[in-house]
Amino acid sequence: MSFVNYHTKEINCKIVYYGPGLGGKTTNLQFVYQKTSGESKGSIISLNTENERTLFFDFLPLDLGEIRGYRTRFHLYTVPGQVFYEASRRLILRGVDGIIFVADSQLEKMESNLESLKDLETNLKAQGYDITKLPIVIQWNKRDLPNISSVKDMEKQLNKYNFTSFEAVAIKGTGVFETLKAVTKLVLMNLKGGL
Amino acid sequence: MTSTNLVDTISYYLKADIQEAGLDKHLTIVCRQDGMPVFAFTASGESKDHLALGALTAGMWQAALAISNYLSDNETEMDYRLSFDSTSSGIYVVPVYVGEERMYLGLFYKDVLNLGQLKMKLRQLAFKVADYWNKYHKENIKKDDETLFTNITDEEIDNIFAFSGN
Numbered sequence: 327m328s329f330v331n332y333h334t335k336e337i338n339c340k341i342v343y344y345g346p347g348l349g350g351k352t353t354n355l356q357f358v359y360q361k362t363s364g365e366s367k368g369s370i371i372s373l374n375t376e377n378e379r380t381l382f383f384d385f386l387p388l389d390l391g392e393i394r395g396y397r398t399r400f401h402l403y404t405v406p407g408q409v410f411y412e413a414s415r416r417l418i419l420r421g422v423d424g425i426i427f428v429a430d431s432q433l434e435k436m437e438s439n440l441e442s443l444k445d446l447e448t449n450l451k452a453q454g455y456d457i458t459k460l461p462i463v464i465q466w467n468k469r470d471l472p473n474i475s476s477v478k479d480m481e482k483q484l485n486k487y488n489f490t491s492f493e494a495v496a497i498k499g500t501g502v503f504e505t506l507k508a509v510t511k512l513v514l515m516n517l518k519g520g521l
Numbered sequence: 010m011t012s013t014n015l016v017d018t019i020s021y022y023l024k025a026d027i028q029e030a031g032l033d034k035h036l037t038i039v040c041r042q043d044g045m046p047v048f049a050f051t052a053s054g055e056s057k058d059h060l061a062l063g064a065l066t067a068g069m070w071q072a073a074l075a076i077s078n079y080l081s082d083n084e085t086e087m088d089y090r091l092s093f094d095s096t097s098s099g100i101y102v103v104p105v106y107v108g109e110e111r112m113y114l115g116l117f118y119k120d121v122l123n124l125g126q127l128k129m130k131l132r133q134l135a136f137k138v139a140d141y142w143n144k145y146h147k148e149n150i151k152k153d154d155e156t157l158f159t160n161i162t163d164e165e166i167d168n169i170f171a172f173s174g175n
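These protein sequences, in sequence, are chains A and B. Note that the working numbering has the first sequence beginning at 327, numbered continuously upward. Note that the working numbering has the second sequence beginning at 10, numbered continuously upward.
Only chain A is shown next, with the shape it has when bound in the complex (with noise of 0.2 Å):
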């Protein structure tokens, strides 16, 4: 549910990175935030828990400049991955404009990882969304572990819409803004105009 202010010429849209716990969607958070230069990034406001796990969850403003006239700005942020705050991740989809779904590629971690995105599926269907019509990029990520499965068979199971896909090493970097990007540009083509 982006929100565009055509008077100011103000885009702003909601980003929110979905994945099973421990998977890195926080990490990617952490290196935008690192990345990204002072005029560009706001406070980032997370909701951990006391051992840093996220509660609630993290977010992040992102003032990306203008594009086509446009002063372009995205929310991000992440959801509880374990599997217990299942309430609170359907709060945080609501008027949710794309999705990053960031799976763990550890091979003990399939699981997981197929829970999670049944656990996306359900929560979108919830709120009215049709997971094949939202702007959505999955992110292989830990490729740097050496127990890992092939992004071939991450693939076959985990990616049956065929969504648009990145490997990364989140802590790193590896791979973080070449997935928000993908994501950023599926979003801002999906804006509807109008007034």
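Simulated from the structure, these hints should not be mistaken for lab results. Note that the coordinates shown come from a computational prediction; the quantities given were computed from them, not determined experimentally. A virtual CB, placed ideally from N, CA and C, is assigned to each residue, including glycine. Fair warning: there could be bad hints in the mix.
Cβ-to-Cβ under 7 Å is the rule here; a few derived chain B residues that face chain A [unchecked claim]: (1) 45; (2) 60; (3) 61; (4) 123; (5) 172; (6) 173.
The following residues of chain B were derived to be distant from chain A, with all beta-carbon distances above 10 Å [unchecked claim]: (7) 30; (8) 44; (9) 50; (10) 77; (11) 99.
Fit chain B to the supplied structure of chain A, relying on the hints for placement.
Leaving out everything else, chain B in the frame of chain A:
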């Protein structure tokens, strides 16, 4: 999508009302359910991150509503008010319909003697927001389903991310 001059409409009418009600030394914010602020005003000159406040206000409201719905499903969202305060400062949030969209009107206040009166004034403001929008909505709004941009290139995307060095 909200395609609108909503910000200008609300700003124009609300600022005067806020000043008239004596709420201008506090921070008033209107944000959407997804956390995007559409209006924020304080005459105090105090600088706050309105984007963060919008995200937190919407999150706080929705979390409170979810808890409440576990306990009772008799109330509608519009019946609720959210208050988080101490004797010297606090937050008060009420829901408001702006056209077909539900939003939150929040007041972040400090050093108030008559808290009940302050809250009543905010509730009155909520009614005014809805009235102003309805009036404006009937006169001015039209929407269409055309996409705003077509054929955005990779170069344009690279340009808006140039700040990151990526």
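So which hints don't hold here, by number, going up? 4 and 8
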